[in-house]
Amino acid sequence: MLTIKLKLNTDSINQALKEAKAYQKKVEQAPQKLIEYLTAQGVEIAKMNVSDMNAYDSGELYNSIHAEQKSGVGYVIADAAHAAFVCFGTGIVGKNNQHPNIAIAGWKYDVNDHGELGWWYIGRDGRAHWTKGMPSRPYMYNTAQQLRQIVIPAAKEALK
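If you use the numbering used here, the sequence shown corresponds to residues 2 to 161, in order.
To be clear, the hints were calculated from the coordinates, so they are not data collected in a lab. None of the values given here were measured: they were computed from a predicted structure. Note that CB positions come from ideal geometry on N, CA and C, so glycine has one too. Do not take every clue at face value.
[To be verified] Lysine-lysine pairs mimicking DSS-like chemistry, simulated, CA-CA at most 25 Å apart:
no.: 1; residue 1: K34; residue 2: K71
no.: 2; residue 1: K157; residue 2: K6
no.: 3; residue 1: K26; residue 2: K161
no.: 4; residue 1: K96; residue 2: K133
no.: 5; residue 1: K161; residue 2: K34
no.: 6; residue 1: K48; residue 2: K27
[Said to hold, decoys possible] With beta-carbon atoms standing in for the labels, derived distance ranges:
no.: 7; residue 1: R149; residue 2: T11; range: 43 to 53 Å
no.: 8; residue 1: A85; residue 2: A17; range: 49 to 59 Å
no.: 9; residue 1: K71; residue 2: I14; range: 34 to 44 Å
no.: 10; residue 1: I105; residue 2: K34; range: 25 to 35 Å
Assemble the whole structure, with the sequences as input and the hints as a guide.
Spelled out as structure tokens, the structure:
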């Protein structure tokens, strides 16, 4: 918080007004600086979380994580085709190891009722693979939780 001291004379009042205007400019710039800082941190945290959660990834998911800003709102986005499947999990395995908040995406598990039988799919290698699904690796949820912990200190820093 800014403290401006002044004496009751013209020079002191003019100096106080100059300081107040400078602080006003800083306050007006703070939201954009905060969005830029938090989205950059969010990208780094999300990438770290993907790496730490041992998600099978050829690098496509990791490299798809980026920041965007639209209408004064910052987003951390993972737009690889399999991003949501990794985050929320799939099949009976995912149902038994669920995302902490499936309601945020209306996520449903084992929608084709494969159960313990699992299913076969053709992988990128062109070969058939069998699975019962995969557990949730909530890298974005964890990123949001971690960002919540740094919002207030980052806002205070932006207003210094």
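Hint-by-hint comparison with the structure:
no.	hint	result
1	K34 - K71	14 Å, holds
2	K157 - K6	21 Å, holds
3	K26 - K161	12 Å, holds
4	K96 - K133	10 Å, holds
5	K161 - K34	12 Å, holds
6	K48 - K27	31 Å, violated
7	R149 - T11: 43 to 53 Å	47 Å, holds
8	A85 - A17: 49 to 59 Å	54 Å, holds
9	K71 - I14: 34 to 44 Å	42 Å, holds
10	I105 - K34: 25 to 35 Å	28 Å, holds
Violated hint: 6 only; the structure is consistent with all others.
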